[in-house]
Amino acid sequence: MLSWSDEGMERVWQLTSGHPYLTQQLCSHVWEHAWDEEPNGFSIVQASLVEAVIDEALRASRNSIEWLWDGLPPASRIVSAALATAGTGLSDQEKLELILEESGVRVIIRELQDAPKLLCEWDILESDKGAFRFRVELLRRWIEENKPLARVQDELDHIEPVADSLYKAGLGLYRVGDLENAEQSLSQALGLNPNHVRATQLLADLLAGKEKWEKALTLLQRLNETHPVAARSRMLDILLKLSETHAGNDEEKARDYIEQALKLSPDHEVSQNAMRSWWGRKAELALKIMNSSRRLKLINTLGMTKKSNFLRLPLKEIN
Numbered sequence: 001m002l003s004w005s006d007e008g009m010e011r012v013w014q015l016t017s018g019h020p021y022l023t024q025q026l027c028s029h030v031w032e033h034a035w036d037e038e039p040n041g042f043s044i045v046q047a048s049l050v051e052a053v054i055d056e057a058l059r060a061s062r063n064s065i066e067w068l069w070d071g072l073p074p075a076s077r078i079v080s081a082a083l084a085t086a087g088t089g090l091s092d093q094e095k096l097e098l099i100l101e102e103s104g105v106r107v108i109i110r111e112l113q114d115a116p117k118l119l120c121e122w123d124i125l126e127s128d129k130g131a132f133r134f135r136v137e138l139l140r141r142w143i144e145e146n147k148p149l150a151r152v153q154d155e156l157d158h159i160e161p162v163a164d165s166l167y168k169a170g171l172g173l174y175r176v177g178d179l180e181n182a183e184q185s186l187s188q189a190l191g192l193n194p195n196h197v198r199a200t201q202l203l204a205d206l207l208a209g210k211e212k213w214e215k216a217l218t219l220l221q222r223l224n225e226t227h228p229v230a231a232r233s234r235m236l237d238i239l240l241k242l243s244e245t246h247a248g249n250d251e252e253k254a255r256d257y258i259e260q261a262l263k264l265s266p267d268h269e270v271s272q273n274a275m276r277s278w279w280g281r282k283a284e285l286a287l288k289i290m291n292s293s294r295r296l297k298l299i300n301t302l303g304m305t306k307k308s309n310f311l312r313l314p315l316k317e318i319n
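Okay, so the sequence shown: first residue is 1 according to the working numbering, each after it adds one.
Worth flagging that the hints you see were computed from the coordinates, not collected in a lab.
No residue lacks a Cβ here, since even glycine has one placed at the ideal position from N, Cα and C.
Mixed in with the good hints there might be a few duds.
As the list claims (entries may be wrong) - With a Cα cut of at most 20 Å, we get these calculated EDC-like pairs of lysine to aspartate or glutamate:
{"id": "1", "residue 1": "K241", "residue 2": "E214"}
{"id": "2", "residue 1": "K215", "residue 2": "E183"}
{"id": "3", "residue 1": "K95", "residue 2": "D114"}
{"id": "4", "residue 1": "K117", "residue 2": "E97"}
{"id": "5", "residue 1": "K215", "residue 2": "E225"}
{"id": "6", "residue 1": "K241", "residue 2": "E252"}
{"id": "7", "residue 1": "K282", "residue 2": "D250"}
{"id": "8", "residue 1": "K147", "residue 2": "E180"}
{"id": "9", "residue 1": "K129", "residue 2": "E155"}
{"id": "10", "residue 1": "K282", "residue 2": "E251"}
{"id": "11", "residue 1": "K147", "residue 2": "D55"}
{"id": "12", "residue 1": "K212", "residue 2": "D256"}
{"id": "13", "residue 1": "K168", "residue 2": "E183"}
{"id": "14", "residue 1": "K117", "residue 2": "E145"}
{"id": "15", "residue 1": "K210", "residue 2": "E180"}
{"id": "16", "residue 1": "K282", "residue 2": "E259"}
{"id": "17", "residue 1": "K129", "residue 2": "E183"}
{"id": "18", "residue 1": "K147", "residue 2": "D157"}
{"id": "19", "residue 1": "K117", "residue 2": "E155"}
{"id": "20", "residue 1": "K147", "residue 2": "D128"}
{"id": "21", "residue 1": "K263", "residue 2": "E214"}
{"id": "22", "residue 1": "K253", "residue 2": "E214"}
{"id": "23", "residue 1": "K117", "residue 2": "D70"}
{"id": "24", "residue 1": "K95", "residue 2": "E126"}
To be verified - Distance windows between CB atoms, simulated:
{"id": "25", "residue 1": "E102", "residue 2": "D70", "range": "20 to 28 Å"}
{"id": "26", "residue 1": "T88", "residue 2": "K215", "range": "39 to 47 Å"}
{"id": "27", "residue 1": "Q184", "residue 2": "T88", "range": "46 to 54 Å"}
{"id": "28", "residue 1": "E244", "residue 2": "E94", "range": "39 to 47 Å"}
{"id": "29", "residue 1": "G89", "residue 2": "K215", "range": "40 to 48 Å"}
Starting from the given sequences, assemble the full structure and let the hints guide the process.
This is the structure:
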């Protein structure tokens, strides 16, 4: 037999808000723990015991909660994950948008704005004077642990169905070589959903293939603000290509692009070599225009007479 303290019963209510299935799961695990501790005796359930079985109850409930999660639209998943990170308190629309922005959502489109209302209709959230919180604390904890916002960001691509369809159409056109129509479809997709990561990546690849380096870089710079992993390798390639196109014509611009690449990835070997080559060209030009006394002073200072020796210097020594 079990006897429940007032604090124990209150803690169950705080965690489940009377949700039948989760209440049953929690109490079942309380019973098992109490029986293990006092197999022949009489237990009084305290709040501490309820707290101790939360993880087990959530693991046992995983399939049912996953079923609930899978039934949510993409925008609702994003908003649920965002609000789960905010804790047990109320979060208003401004706080929600701040969390989303910090996690990589650059534009709060209509589907994201409407998601809290839908979640309230489904009794997942409750509203209080325009602010929101989870109705069931156990569900909030499960989402926070199993569906963190960083892990569900792929849902951003599916928030706006028309935008996702345009992306898929653009991908098909890109694969068959119809680049003009592919560019148009991808641009339309980003117009509807500026947060679409794969559309941004593919449009940047398409523009780079057409040697529209600056346009591709602009797209990737925006993506890098929110999804650096998705943007970085492409940005490095384009920055170095831009540096190559300016080499010999505008060397300061060429160096600026290399420095941007090194800022993105200081240990990137290709960028380091590009900077060494830039300094080699700079030194070669300087030696050509110097008078003999200044040239001799530079050679003596650096201890080199060949460009190849100069290029072997570590970057820190060159600088």
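* **Those earlier numbered hints the structure runs against, lowest number first** => When the structure is compared with the hints, numbers 8, 9, 14, 17 and 20 turn out to be violated.
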